[in-house]
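Residue numbers (the numbering used here), protein chains in the order written: chain A, 1 to 241; chain B, 1001 to 1371; chain C, 2001 to 2229.
Source of the hints: derived by calculation from the structure; they are not laboratory data.
Quantities reported herein were computed from a predicted structural model and do not represent experimental measurements.
Glycine included, every Cβ here is placed at the ideal spot set by N, Cα and C.
Take these hints with a grain of salt, some might be off.
[Unchecked claim] Not close to chain C: a few residues of chain B, all C-beta gaps over 10 Å, as computed:
#, residue
1, Q1025
2, H1082
3, P1099
4, R1158
5, G1222
6, P1260
7, D1311
[Unchecked claim] Some but not every residue of chain C turned toward chain A, in silico, with C-beta under 7 Å:
#, residue
8, L2069
9, I2072
10, L2075
11, A2076
12, P2083
13, V2085
14, T2089
15, V2090
16, Q2092
17, G2164
18, T2167
19, I2181
20, V2199
21, L2201
Spelled out from the first residue to the last, the chains are:
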Amino acid sequence: MGFLSDLVSWFGEPGRWAGDDGILPRALEHLWLAALPMLIAVTVALPIAVWLGHRRIGGLAANAAANIGRAIPSFGLIILAAIFFARAGVSLRFWPAAVALLALAIPPIYTNAYTAIVTVPRETVEAAKGMGFTDNEVLWGVEVPIGAPLIFAGIRISFIQVLATVPLAAVLSSGGGLGQYVVRGFAQGPGGRVEVFAGALLIAVLTLGADWLLSRGERWVLPEGRRPRSSEEIRAAASIS
Amino acid sequence: MGSQVQTDTMIRLDNVAKVFAGASQPAVANLSLDVDRGELVVLLGPSGCGKTTTLKMINRLIEPTSGRIEVDGRDVMSVPPHELRRSIGYVIQEVGLFPHRTIAQNMATVPKLLGWDAGRINERVAELTVLVGLDRSMLERYPTELSGGQQQRVGVARALAADPPVLLMDEPFGAVDPIVRGHLQWEFLELQSRLGKTVVFVTHDIDEAILLGSRIAILNVGGVLEQHDTPERILASPANEFVESFIGGERGLRRLALRPIGEAVVSRGPVIDITGTPDEAVRLMEEHGVSWVGLLSGDQLLGWVDASEIDGRPLAALTPREFLVSLRSDSSLRSALDAVVTSHARMAVVVDDGIYRGMVDLEAIAEEITE
Amino acid sequence: MILAQAASSLFDWDWVGRNIDSIWRRTVEHLALTGVALVAGIVIASALAAVAIRKPRTYPTITAATGLLYTIPALAVFALVAPLVGIGTVTQRFITAEIALISYTLLILIRNIVTGVNGVPAGVREAAAGMGYSEGERIRQIELPLALPAVMAGIRIATVTVIGLVTVTSLLGLGGLGFFILDGLRRSIIFPTEIIVGVVLSVALAAALDIGLLGIGRVLTPWAREGDR
Chain A
1 MGFLSDLVSW
11 FGEPGRWAGD
21 DGILPRALEH
31 LWLAALPMLI
41 AVTVALPIAV
51 WLGHRRIGGL
61 AANAAANIGR
71 AIPSFGLIIL
81 AAIFFARAGV
91 SLRFWPAAVA
101 LLALAIPPIY
111 TNAYTAIVTV
121 PRETVEAAKG
131 MGFTDNEVLW
141 GVEVPIGAPL
151 IFAGIRISFI
161 QVLATVPLAA
171 VLSSGGGLGQ
181 YVVRGFAQGP
191 GGRVEVFAGA
201 LLIAVLTLGA
211 DWLLSRGERW
221 VLPEGRRPRS
231 SEEIRAAASI
241 S
Chain B
1001 MGSQVQTDTM
1011 IRLDNVAKVF
1021 AGASQPAVAN
1031 LSLDVDRGEL
1041 VVLLGPSGCG
1051 KTTTLKMINR
1061 LIEPTSGRIE
1071 VDGRDVMSVP
1081 PHELRRSIGY
1091 VIQEVGLFPH
1101 RTIAQNMATV
1111 PKLLGWDAGR
1121 INERVAELTV
1131 LVGLDRSMLE
1141 RYPTELSGGQ
1151 QQRVGVARAL
1161 AADPPVLLMD
1171 EPFGAVDPIV
1181 RGHLQWEFLE
1191 LQSRLGKTVV
1201 FVTHDIDEAI
1211 LLGSRIAILN
1221 VGGVLEQHDT
1231 PERILASPAN
1241 EFVESFIGGE
1251 RGLRRLALRP
1261 IGEAVVSRGP
1271 VIDITGTPDE
1281 AVRLMEEHGV
1291 SWVGLLSGDQ
1301 LLGWVDASEI
1311 DGRPLAALTP
1321 REFLVSLRSD
1331 SSLRSALDAV
1341 VTSHARMAVV
1351 VDDGIYRGMV
1361 DLEAIAEEIT
1371 E
Chain C
2001 MILAQAASSL
2011 FDWDWVGRNI
2021 DSIWRRTVEH
2031 LALTGVALVA
2041 GIVIASALAA
2051 VAIRKPRTYP
2061 TITAATGLLY
2071 TIPALAVFAL
2081 VAPLVGIGTV
2091 TQRFITAEIA
2101 LISYTLLILI
2111 RNIVTGVNGV
2121 PAGVREAAAG
2131 MGYSEGERIR
2141 QIELPLALPA
2151 VMAGIRIATV
2161 TVIGLVTVTS
2171 LLGLGGLGFF
2181 ILDGLRRSII
2191 FPTEIIVGVV
2201 LSVALAAALD
2211 IGLLGIGRVL
2221 TPWAREGDR
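Whenever a hint applies, use it, and build me the whole structure from the sequences.
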């Protein structure tokens, strides 16, 4: 019970929420660190994947991307990026994490988008061509709508992955969004128990909340009947190949 | 189990009913049916008539709600279901070959479950391969490497592996194209004539039922038995309106499919051996009132020539044309009628592997039919 | 932390030579952490999958629960478990790490096992029943072997994921090869060699296990390889 009351008082401390080191600014930093790589990945990698899928070339790259993306320890990636940027004398608070996160964000988005387009049944595409669709119309009117669930699944997987990795950047410097609490807490040993737990709780809430929001958004964008049963299902489905 | 009394009845359904949970109507209501040893009974009817449900109750893939089913004198409920099924062959439309086993291993399934030794199993697999007309090279392949028709043959072989007295078949030939289906049906008929198994065969295709069945049980929705008789008698006298409309039109033609041509219908026709003279050929044509003549060499039919081609040359020097339509001695009257109607000359030749038997014309068939 | 400037070359081979023992120990630790997580994960996932298969209504709940565990970042899971289990002793840290690692594998393993078993064609299952396989025989001889490709795929993914996560346990004082990553970072001057060794070896480990499992999978499923139809 002592732990619980400690926890509550931690949250209740003055300046805990809005101050310099506060929960809200850190949460925003957390989201921002995740949002930027995602934005780049979606605006750059996704269209490339869709285009290549449409033309049916570059399948090997998609496969390689998927596997490499899974294998590289995100932790190590951030640190490696840190070395690089340290030598360049650039701020460690932002860039290593941003670069590493970008590298992490791309594979699921790329692979899923590519697979989504490539696995549209040929007969459907040919039927469309036979009806007089132009190449562009086939892409936007047939392939993309059919592939949409998988594409969205990729974006979701990517975002969750990135959100999950942001905290690791806290190891580097004073960045890392909400992860800073956890890392600091661990560094303090037994005394930091409360901070560790509080940080973890906040991260969990943030991540689950973001996932929930994304699933709502997905429902809103995807037409009735094309919706996946649950985020986990597609996430897992997208990784069986 | 003891000794089974050698009765004629192989399968007996006694007031069998099946009501599925949550259903307001029974799928099968109080069905009583007997199947004799060695006969092929077809369960025929529209969808919802419970024919598949009934079939599956025999091997307890579906448990009856009430009633009694006996196979070879013993109650099907008296042994555990999986044991029962090892003595009953089962073939389904999807075939359901095990993808992770070779063809040989698939065929060996039930013998293995029964504990046969390896030598006996190998022998049996070799026998089965010949029995269903497969090539030995296929034995080590996997099911996905075979065509639909080949897979279906393996399915039949697999069901026959342990030499069960009873065979249950659920639309086994439905998943292949019509040409392959025709071959499979004929091959199966041949197989059945050799093996004499007791077969319960489910289909919704009347022509298949007529072709294969020694007796047909026509079921209405809810498993109601409307008529249970030989194809001939069902076609000749349908029991009620339902049966009549289910069989559909062209009953007459369908009955013709059951009757072989018979000798009375076949006549010699305008044919002449090539050793004959052109004059004799012309005389033949005048006699029969036709402008063509068939050419024979011994008992081999070579073809036909038009009157205009006979110009005094020896008959052997002419190039006869092939008859486009021909029948066999065991063809049905229906095929004969179809052939005759198709040909220009309103005639069809009957040839058994090149050997000329005679000709059939429209009048002869009409006479035979109206008898 | 002083930013590393020009002085040191990027990779110090001498260091590697001097610390081969340590590297080896950490690799073993990495494999141990991974191995235990996977074995326990497979056992638990199999049990849960069996429930989900027998009672399909439970599947959404099981998926939601394991999905929750999957969504929460590993770091957070460590951090939620650590204060409860304690990180005083090595055993405690090991348990904390394993709890988090195992929960990460559950979703993907359960999902793949269920999909694999449910993916067995209905016709095959019906034929098996019709030929006289008892339920147990059918599951063991027909359904499980046919589910194997999907299950192996899941195991491969879970393995690679876990190897990556083990590096994060370095924050708990474990880490396997992740130890080098953190250690190289925490020195008064960042030491790239250690970090590079940590990253490269863990990637190599992941790749090796992935390929190894792929090979095992191929051997166990000879029927899945075909070009004909």
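So, going through the hints one by one against the coordinates:
no.	hint	result
1	Q1025	holds (24 Å)
2	H1082	violated (4 Å)
3	P1099	violated (6 Å)
4	R1158	violated (7 Å)
5	G1222	holds (23 Å)
6	P1260	holds (36 Å)
7	D1311	holds (57 Å)
8	L2069	violated (10 Å)
9	I2072	holds (5 Å)
10	L2075	holds (5 Å)
11	A2076	holds (4 Å)
12	P2083	holds (4 Å)
13	V2085	violated (11 Å)
14	T2089	violated (12 Å)
15	V2090	violated (15 Å)
16	Q2092	violated (11 Å)
17	G2164	holds (4 Å)
18	T2167	holds (4 Å)
19	I2181	holds (5 Å)
20	V2199	holds (4 Å)
21	L2201	violated (10 Å)
Hints 2, 3, 4, 8, 13, 14, 15, 16 and 21 from the earlier list are contradicted by this structure; the remaining hints agree with it.
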